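For reference, the chains in residue letters:
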Amino acid sequence: MTLNPPLGLRIALTQLAGRKRQVLMSMLGIVLGVAFFLAISSLMRGSEADFIQRMIDSAPHITVSDEYRHPPRQPVRRRFADAALTLRGLEPKTETRGIRGYKQKQAFIAALPGVRVAPVLTGQAIITSAGRDRGVTMNGVVPELMRGVSDIDDKMVVGALEDLAANPNGVIIGRKLADKLFLQTGDNLTLSAPTGLVRTLKIIGLFETGATSVDEGHAYVLLKRAQTLLGRHDRANRLVLQLDDPYRAREVAALIEARVGYRAQSWQEASENILSVLFVRNVIMYTVVSAILVVASFGIFNVISTVVMEKRRDIAILKSIGFRARDLRRIFLIQGVVIGGCGSLAGTLAGLGLMRVLAGIEIRPPGMNETVNLPIYWGADQLLIAAGFALLSAVTAAWLPARKAGAVHPVDILRGGMA
Amino acid sequence: MNEVLRAEGVTRELPGPAPVTLVRDIGLSIRRGEFVSIQGPSGSGKSSLLYLLGLLDVPSVGRIWLDGVDTSALNDDQLAAARLAKLGFVFQFHFLLVEFSVLDNVLLPMERLGRLAPGAQRERAEGLLAELGLGDYLQRTPDRLSGGQRQRVAIARALANEPLVILADEPTGNLDSKASNNVRDLLSALAHGGDRAVIAVTHDPDFARAGDRVIHLVDGRIVGDG
Chain Z
294 MTLNPPLGLR IALTQLAGRK RQVLMSMLGI VLGVAFFLAI SSLMRGSEAD
344 FIQRMIDSAP HITVSDEYRH PPRQPVRRRF ADAALTLRGL EPKTETRGIR
394 GYKQKQAFIA ALPGVRVAPV LTGQAIITSA GRDRGVTMNG VVPELMRGVS
444 DIDDKMVVGA LEDLAANPNG VIIGRKLADK LFLQTGDNLT LSAPTGLVRT
494 LKIIGLFETG ATSVDEGHAY VLLKRAQTLL GRHDRANRLV LQLDDPYRAR
544 EVAALIEARV GYRAQSWQEA SENILSVLFV RNVIMYTVVS AILVVASFGI
594 FNVISTVVME KRRDIAILKS IGFRARDLRR IFLIQGVVIG GCGSLAGTLA
644 GLGLMRVLAG IEIRPPGMNE TVNLPIYWGA DQLLIAAGFA LLSAVTAAWL
694 PARKAGAVHP VDILRGGMA
Chain R
2 MNEVLRAEGV TRELPGPAPV TLVRDIGLSI RRGEFVSIQG PSGSGKSSLL
52 YLLGLLDVPS VGRIWLDGVD TSALNDDQLA AARLAKLGFV FQFHFLLVEF
102 SVLDNVLLPM ERLGRLAPGA QRERAEGLLA ELGLGDYLQR TPDRLSGGQR
152 QRVAIARALA NEPLVILADE PTGNLDSKAS NNVRDLLSAL AHGGDRAVIA
202 VTHDPDFARA GDRVIHLVDG RIVGDG
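Chains as they are written, first to last, in my numbering: chain Z, 294 to 712; chain R, 2 to 227.
Among these hints, one or two may not hold up.
Stated by the list, open to error - To be clear about the criterion: a stretch of chain R counts as covered by chain Z if any three or more of its residues have a C-beta under 8 angstroms from a C-beta of chain Z, and this derived list gives those stretches: (1) 31-44; (2) 49-62; (3) 124-131.
What the hints assert, rightly or not - Every beta carbon over 10 angstroms from chain Z, so not counted as near; a handful from chain R, in silico: (4) T12; (5) L85; (6) A118; (7) R158; (8) N182; (9) D196; (10) G225.
No wet-lab data here; the hints were simulated from the structure.
If you're wondering where the values come from, they're calculated on a predicted model, not measured in any experiment.
Ideal placement from N, C-alpha and C gives every residue a C-beta, glycine not left out.
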């Protein structure tokens, strides 16, 4: 024989209707709490998503390098794993650095679904022009493959990456480097490799990424040209990958590393420090915005405590009629749910309105000419978190006075007469 | 079986550094159709005895049987269920829920018990209120009724679930003489005309004389029953 919900709800609502102003004020606390929760959460997560997206767009999703995660062990150590061995007179084998058999490995990776791959041979070089020297990182690339894995083509301000294919003696450099060396498209420069080889190359394009270290310190040539200059024929020292779904990078990297042996680093692994900072930032943000809701729930605690205090006589009457302690608790919990539920709903609507306003705000980040809108995250999960937490706070706030209501001893009240 | 309520060796003591004994070694039996008055000086334990018989309080010692069931074995929920189904209360200050209409006040115990269908509950509540002369006040709130009318609403609420026993604590203590007489006659008629007993605590000698039996209490003990 349980209290039927309509009766409990009716009693709860009737009691709340008697103190509309208090109820509205405590509900307003929840509304504002949820709305601010959503505004802050959507801004923080929007900026995080924007940051990660920029990171994903501008860097390879996976980089296979000519390194091993765990250095290979001597065969004798593998054979006698538990033995105490001393090896003497070992001489490291001198070999050309780079990924051995990179074409086969590239072909294997290219066959994976949703994966694009390009080989790159990177090395240091010195660019000389009119007596000025600049050290750069020389990237030997295959233009048609590089376009599929890098946004460098989108950053070209003069020429295109594809132009390298038609100009084997061409080079693409950053606009800032060109400015520093007083060079422009069509000019020649001298490129010296660590092997001592020197070539005169013609500038066929300029790029501008916005990152000074890249714009002043990188140069792109054909892979074949780089191999010759660095003396590493038929070698690439990196395979750079882009995935249709960047968030699969970890598992695809693990698969590739297991298969090719070389270290395959996903963008998540490469950015672990940044991602952990973002995670900590999220924890702090949710703690702060949740605190708003906890404070707001004190309003509900106040209202329901007041109702319980003022309605002690009614509680005694209901108990004398035959209502159980748990029926009374349920009535006051319903009040908490009603205030919390309505507050959450109105707060979610207000929060969505705030998010819409924020999304319309344009800002101009320092150093940029274009304005951008504030990045807003629109995911439904944050709505559920905000509404759920608000409801939980409300029910918890209602629970304490509800428990007190259930514990009222009717005789104490009935003896007091009109008390 | 005619007996609806029986108390044996009931004592109620309030614990504490200086324990207070409210009632001591009470033994009595109440039958259907009886209109019993409990009288005694202030502080003699009349209301305490009524609350014990109404299962709102539990004896420190002794047992109370309601409709043949030993209530000492019941937990709080079972005691609440027994109050709901078998007992009806009328208090001195009517104790109606002021935010609910007259009709809703009478419907509450029926809705809580759920023995009747909603339509039948409403029909019964309206019937009871009409019988008690309140048919025109169904949607009024208690604050818009006179003292006598409120007490009649309280009686209608007490009757809602067809209780075996109606317990009234100074039901006329706050009424003028005309309203008092009406309430007294009503309670007497309920006891004599139905299958239930009425136990009323009263200070009013006229009210007490209307009862079939008067129990006198002094210092928590029964000093007269007849």
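Hints numbered earlier in the text: which of these fail when held up against the supplied structure? When the structure is compared with the hints, numbers 1, 3, 5, 7 turn out to be violated.
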